[in-house]
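Trainee: Listed below are the residues making up each chain.
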Amino acid sequence: MESNLILQNVLSPPILFFFLGVIAVILRSDLEIPAPLPKLFSLYLLLAIGFKGGIELQKSGFTGQVIPTVGAAILMSLLIPLICFVILRLKFDVFNSAAIAAAYGSISAVTFITAESFLENQSIPFDGFMVAALALMESPAIIVGLLLVKLAGPIKRRPNAKPMKIGSILHESMLNGSVYLLLGSLLIGFLTATNNPAGVEKMHPFTGKLFYGAECFFLLDMGIVAAQRLPRLKKAGSFLVGFAVLMPIFNGVIGVFIAKALSLGPGNALLFVVLCASASYLAVPAAMRMTVPEAKSSYYISTTLGLTFPFNIVIGIPMYMTFVNKVIPATI
Amino acid sequence: MESNLILQNVLSPPILFFFLGVIAVILRSDLEIPAPLPKLFSLYLLLAIGFKGGIELQKSGFTGQVIPTVGAAILMSLLIPLICFVILRLKFDVFNSAAIAAAYGSISAVTFITAESFLENQSIPFDGFMVAALALMESPAIIVGLLLVKLAGPIKRRPNAKPMKIGSILHESMLNGSVYLLLGSLLIGFLTATNNPAGVEKMHPFTGKLFYGAECFFLLDMGIVAAQRLPRLKKAGSFLVGFAVLMPIFNGVIGVFIAKALSLGPGNALLFVVLCASASYLAVPAAMRMTVPEAKSSYYISTTLGLTFPFNIVIGIPMYMTFVNKVIPATI
Amino acid sequence: MESNLILQNVLSPPILFFFLGVIAVILRSDLEIPAPLPKLFSLYLLLAIGFKGGIELQKSGFTGQVIPTVGAAILMSLLIPLICFVILRLKFDVFNSAAIAAAYGSISAVTFITAESFLENQSIPFDGFMVAALALMESPAIIVGLLLVKLAGPIKRRPNAKPMKIGSILHESMLNGSVYLLLGSLLIGFLTATNNPAGVEKMHPFTGKLFYGAECFFLLDMGIVAAQRLPRLKKAGSFLVGFAVLMPIFNGVIGVFIAKALSLGPGNALLFVVLCASASYLAVPAAMRMTVPEAKSSYYISTTLGLTFPFNIVIGIPMYMTFVNKVIPATI
Amino acid sequence: MKRLDLIFSERELEQVLAALEKANAPGYTVMKHATGRGPERVITEDMEFTGFGSNAHVIVFCDQEVIEKIRENIRSILSYYGGVAYVSEATPL
Amino acid sequence: MKRLDLIFSERELEQVLAALEKANAPGYTVMKHATGRGPERVITEDMEFTGFGSNAHVIVFCDQEVIEKIRENIRSILSYYGGVAYVSEATPL
Amino acid sequence: MKRLDLIFSERELEQVLAALEKANAPGYTVMKHATGRGPERVITEDMEFTGFGSNAHVIVFCDQEVIEKIRENIRSILSYYGGVAYVSEATPL
Ligand SMILES: Nc1ncnc2c1ncn2[C@@H]1O[C@H](COP(=O)(O)O)[C@@H](O)[C@H]1O
Ligand SMILES: Nc1ncnc2c1ncn2[C@@H]1O[C@H](COP(=O)(O)O)[C@@H](O)[C@H]1O
Ligand SMILES: Nc1ncnc2c1ncn2[C@@H]1O[C@H](COP(=O)(O)O)[C@@H](O)[C@H]1O
Ligand code: NA
Ligand code: NA
Ligand code: NA
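Residue numbers (the numbering used here), protein chains in the order written: chain F, 7 to 338; chain P, 7 to 338; chain W, 7 to 338; chain R, 128 to 220; chain E, 128 to 220; chain L, 128 to 220.
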């Protein structure tokens with residue numbers, strides 16, 4: 007792997023601010039970004055990602071690579087949790103295995119935009135429609151996770167006679183706040199681009215120009231949160247630590263070969279790989295906390311947020327780029 | 007009415023985000039924008055509206071249509087509460103009637119900016135000095151509401167020997183946080199444009215370019231809040247539901263003819279009509295809660311926020327535009 | 007002093023918004039900017055100041071005036087607390103004297119950026135590297151303050167056996183949240199400018215264009231806070247009131263002569279003077295509250311925030327400019 | 128010692144604190160941004176941006192004597208604007 | 128009169144309030160954004176942005192009768208999802 | 128069971144929680160962003176941006192035993208930095 011790529015990635019403002027947050031915790035600085043300010047940035051990023059993705063999707067239309075790529079992404083979000091579940095069952099019960107598996111089948115939007123910034127830095131082109139793949143990978147992973155619990159697990163009686171029904175599974179997976187905002191903004195972006203080009207123009211300063219700075223601010227907070235999570239990971243044991251680093255690489259490698267099969271260019275291929283390799287710390291944990299309270303939340307949050315996320319944005323992205331460059335010839 | 011106009015209005019980002027919020031509540035998504043983030047956007051919008059209005063007012067000066075238009079607007083904010091009061095007294099006591107009446111005499115800044123966006127979309131010109139009318143319609147309506155209570159109502163003794171004095175009526179009506187910020191920013195915009203053109207330039211990215219996106223974000227929250235209010239409106243009864251939809255239309259129609267009498271162009275005419283037709287959910291409810299606690303706050307908030315506001319931004323604005331087009335020939 | 011300069015300063019948006027906040031408190035308006043929104047703006051300003059300073063520092067390099075100027079600034083932040091301490095000891099005990107002294111040795115970032123806006127308004131050039139001086143003056147002042155307590159004061163036993171160790175003094179002075187964020191962003195700006203010019207470009211809409219507007223918003227809040235503090239100052243007595251106004255002037259005058267000795271141009275000279283004259287209400291109070299709880303926080307906060315800060319941004323800056331113009335011939 | 132819990136709209140905060148000061152309360156703690164439902168009114172956080180405000184929860188640890196002094200004043204405010212006030216026992220740690 | 132303190136994750140707020148309404152509680156106050164640690168779980172404010180939510184602290188002043196009606200329902204929610212519930216004495220001011 | 132209410136500046140939160148952990152408190156709830164006035168100091172929410180922080184209100188439901196263990200440690204922190212601590216009775220629902 008070209009260590010040069012890692013260095014270039016690390017020396018970009020978003021990653022530097024992430025480290026600033028991490029080091030603040032390590033040095034015990036009292037820097038903090040009080041609630042609900044991180045929520046503001048998180049809502050903003052989802053809205054902006056979705057809106058811009060919708061515009062791009064309208065531009066590209068549903069032709070060529072769009073349908074196969076999005077289809078393959080959804081497939082991956084169904085498949086990865088199954089693989090993860092089998093591995094995790096070696097050590098954990100059904101509840102914990104299913105919850106962690108669902109997180110890894112889903113995606114991390116911030117990892118995705120970090121990869122986009124990385125590509126822009128390297129002047130490698132990519133398509134906006136990849137956001138559609140991002141938006142559509144959250145729900146299936148949640149559904150698989152809940153079905154695994156329903157099929158494999160001994161469901162205790164829930165209070166208020168609320169057994170896990172298919173309806174409530176769909177509800178939790180589609181209407182989770184962040185999934186809903188992302189999908190809704192995607193649709194709004196699409197409709198606006200179709201009917202109201204002036205509206206696209208007027209949104210640009212907010213959703214476009216401001217984006218990079220807001221990303222940096224949010225990553226500063228993510229650095230703080232991730233570093234606070236790290237010590238708790240130790241308690242989770244070395245199996246989970248290994249899982250949090252090796253599973254993304256494994257999923258990423260599968261992703262590279264599927265990207266090749268889909269004949270994606272290197273830019274789109276990297277984004278596809280990052281979707282496979284990243285794990286959710288927004289929609290999935292929230293859904294799991296509600297529907298599978300038997301699972302220990304510290305397991306699935308500490309792994310995704312404390313280890314997989316930092317690994318992916320710092321080392322993973324350049325590493326996957328190297329994979330992509332090896333497997334996919336850059337001729338687009 | 008041209009249903010085409012409604013469709014064009016609905017397909018703009020602000021209205022689409024408003025619906026995204028409404029649908030989130032209907033589908034029981036857990037999307038929420040936690041306090042005090044909506045306050046941030048609300049403060050921002052008031053500051054930006056005022057500042058930009060002040061700049062425009064300085065450009066146009068106090069000549070031509072400015073004084074008569076602003077004068078007519080203030081007159082309407084005194085007149086409308088009286089009409090509303092008479093109608094509301096058919097069903098409600100003095101306290102509730104006065105509080106609701108005051109809300110309808112006042113204005114909704116977000117309805118106003120939605121109308122501005124609508125005009126920009128249609129490429130219909132309008133003047134910035136209309137913001138001055140907006141800013142000056144809040145206080146008179148509050149004053150009329152409080153005078154109605156003072157004159158028509160059996161005032162209970164207030165705790166701490168605080169009977170309703172003219173001084174405190176003026177205080178509540180002029181120094182309410184949002185009225186004060188709007189008027190203050192208007193003045194600052196005016197002073198800056200007069201003395202410091204470079205300052206106008208440097209504010210533009212914040213108050214100008216960002217505005218449309220921030221408006222969308224705020225309307226997403228307004229959609230959530232409005233939809234949460236709607237069920238409570240049912241309890242208020244069909245009289246109030248009818249009032250919340252028919253009163254704006256009635257006030258709007260009066261507005262159209264006054265706009266014609268003032269020979270306003272179609273753009274300014276629409277804004278004038280929207281000022282008449284819209285109802286306050288910021289300054290007036292806050293002032294009424296303090297000074298007329300006998301009135302049920304759920305009445306004046308649910309009507310203005312749960313019904314009149316959505317009606318105006320979705321159907322009302324294009325409907326009023328059709329009125330304007332019928333009554334006022336477009337020759338400017 | 008040219009009263010014209012004061013007027014020009016007062017009629018700029020940041021100062022006008024500051025007054026809007028002050029007047030809101032005086033007239034008892036209920037305008038408020040709820041927590042943690044002011045924190046958002048405060049974090050944003052520190053991040054943006056640091057980042058932009060880092061970029062400028064990279065441009066100018068560590069040549070010419072940079073090292074001597076920064077060195078002189080650090081020296082001032084060590085010297086000023088000593089002078090202040092001697093004066094304050096006439097009236098106060100060691101704890102209070104040291105805490106107030108430290109605040110005046112340190113700086114106020116918002117005063118600094120107001121001075122920058124003032125210079126831009128006057129089209130007087132200045133160098134970005136002055137931010138480095140700003141960033142490096144916070145810690146030494148805290149250290150001097152704590153050493154004064156350690157050397158001159160009768161230290162009570164602290165709970166949990168935490169006597170004031172050199173290590174914890176350094177910790178409080180270097181790792182205070184706002185010092186850390188400012189220094190960290192400076193470093194990130196520097197690294198980005200060195201390695202990633204595209205990143206500088208992409209940050210500009212956030213850290214550059216938005217800055218002036220965000221400054222105005224924050225100054226609105228500062229106006230509210232300062233005016234709320236003012237009455238408490240009365241209780242502190244006339245000695246402290248005099249100190250809060252005369253000390254900045256005294257420090258400013260020293261600053262002018264050092265600026266002359268360093269042959270700074272009028273722009274840099276003003277910024278240098280402002281660093282000397284301003285007092286900290288962020289890092290120092292927080293550090294003192296933790297490490298010298300014996301000192302009355304209302305003393306050091308009310309003086310810096312309630313009096314010195316408003317004095318500096320309204321009257322001080324144009325006054326110091328007049329000093330600079332008298333002492334330093336404008337030949338660059 | 129007694130513990131007094133007051134819950135009412137933030138908009139009356141100044142009045143209530145003035146009443147506490149007048150009765151020489153030794154101190155108090157204010158928690159804003161509370162929401163809730165009383166016999167008639169519902170106050171939700173979502174409305175906070177309107178300036179309509181949410182509730183404040185004020186806690187006072189004080190002697191019975193202060194409670195007596197405070198009672199009438201507070202009662203008249205709360206009965207007019209709404210809100211609740213309860214007293215319970217508390218011992219310093 | 129009694130004072131009931133309930134502390135649990137915000138995500139169960141709707142369920143708990145429904146249980147209170149069902150038992151005819153005369154009112155309640157909700158304070159969100161609480162954090163804390165129970166026997167197993169740690170919930171910090173830093174995680175709030177994830178939608179994972181922090182805790183809610185609900186205070187209810189009511190008669191013993193309401194307490195009895197509420198008990199079973201609340202207990203089953205808290206034992207399943209986690210959280211604590213305590214009752215103490217309170218007298219109206 | 129006992130209920131312990133601690134109110135003090137957020138800046139001492141870490142120290143206090145460490146003391147609670149050391150005394151084996153079964154859990155605790157923290158509410159930040161409280162403001163208030165004590166015998167000397169006034170802390171308002173407006174100052175929060177300065178990093179000066181507002182108050183934290185910590186609630187602990189625990190046995191008398193934990194109270195005993197905690198007492199000395201907490202007292203020394205509060206007497207040095209300011210703040211209040213009160214104990215009252217509470218029964219699990
Ligand atoms: N029984 C109660 N228990 C707890 N809080 C209450 C109760 N009744 C009212 N409240 C609080 O007091 C506020 C004002 O209530 P009200 O007196 O109906 O205006 C409500 O929003 C609640 O936060
Ligand atoms: N002994 C306790 N005292 C005060 N709060 C508690 C206690 N135990 C649990 N809590 C609160 O209840 C929440 C849920 O705890 P748990 O039942 O462990 O899920 C915690 O996050 C705390 O906020
Ligand atoms: N008697 C009291 N009742 C309620 N809260 C108090 C009381 N005294 C002090 N406090 C709280 O404890 C904090 C610290 O007070 P102090 O001990 O004066 O520093 C204050 O800001 C209040 O929030
Ligand atoms: Na994945
Ligand atoms: Na109106
Ligand atoms: Na200084």
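Hints listed in this document are in silico derivations from the structure and should not be mistaken for laboratory results. All C-beta atoms, glycine included, are put in the ideal place defined by N, C-alpha and C. Hints are not guaranteed to be accurate.
As the list claims (entries may be wrong) - Distance ranges between label pairs, derived from CB positions:
#: 1; chain 1: R; residue 1: Ser206; chain 2: E; residue 2: Glu216; range: 17 to 25 angstroms
#: 2; chain 1: L; residue 1: Gln191; chain 2: E; residue 2: Glu148; range: 33 to 41 angstroms
#: 3; chain 1: P; residue 1: Pro335; chain 2: R; residue 2: Ser206; range: 25 to 33 angstroms
#: 4; chain 1: P; residue 1: Arg34; chain 2: W; residue 2: Lys240; range: 50 to 58 angstroms
Claimed, not checked - List of simulated lysine-lysine pairs, DSSO-like, C-alpha gap at most 27 angstroms:
#: 5; chain 1: R; residue 1: Lys196; chain 2: W; residue 2: Lys302
#: 6; chain 1: W; residue 1: Lys215; chain 2: W; residue 2: Lys97
#: 7; chain 1: F; residue 1: Lys302; chain 2: L; residue 2: Lys196
#: 8; chain 1: L; residue 1: Lys129; chain 2: F; residue 2: Lys241
#: 9; chain 1: P; residue 1: Lys266; chain 2: P; residue 2: Lys332
Trainee: Between Lys302 (chain F) and Lys196 (chain L), does the CA-CA distance stay at or below 27 angstroms?
Mentor: 30 angstroms, violated
Trainee: For the pair Arg34 (chain P) and Lys240 (chain W), does the Cβ-Cβ distance stay inside 50 to 58 angstroms?
Mentor: 54 angstroms, holds
Trainee: The hint says 25 to 33 angstroms between Pro335 (chain P) and Ser206 (chain R); measuring C-beta to C-beta, is that right?
Mentor: Taking Cβ atoms as reference, Pro335 (chain P) and Ser206 (chain R) lie about 59 angstroms apart, which means the hint is violated.
Trainee: Straight-line Cα separation of Lys129 (chain L) and Lys241 (chain F) no greater than 27 angstroms?
Mentor: 31 angstroms, violated
Trainee: Does Lys215 (chain W) pair with Lys97 (chain W) here, judged by a C-alpha cut-off of 27 angstroms?
Mentor: 46 angstroms, violated
Trainee: With respect to the beta-carbon atoms only, verify the hint that Gln191 (chain L) and Glu148 (chain E) lie 33 to 41 angstroms apart.
Mentor: 35 angstroms, holds
Trainee: Does the Cβ pair Ser206 (chain R), Glu216 (chain E) satisfy 17 to 25 angstroms?
Mentor: Because 23 angstroms falls inside the window, the suggested range holds.
Trainee: Between Lys196 (chain R) and Lys302 (chain W), is the straight-line Cα distance small enough, at 27 angstroms or below?
Mentor: 30 angstroms, violated
Trainee: Below or equal to 27 angstroms on CA atoms is what counts here, so check Lys266 (chain P) against Lys332 (chain P).
Mentor: With a Cα-Cα distance of about 11 angstroms, the restraint between Lys266 (chain P) and Lys332 (chain P) holds, given a limit of 27 angstroms.
When held up to the earlier numbered hints, the structure conflicts with 3, 5, 6, 7, 8 and fits the remainder.
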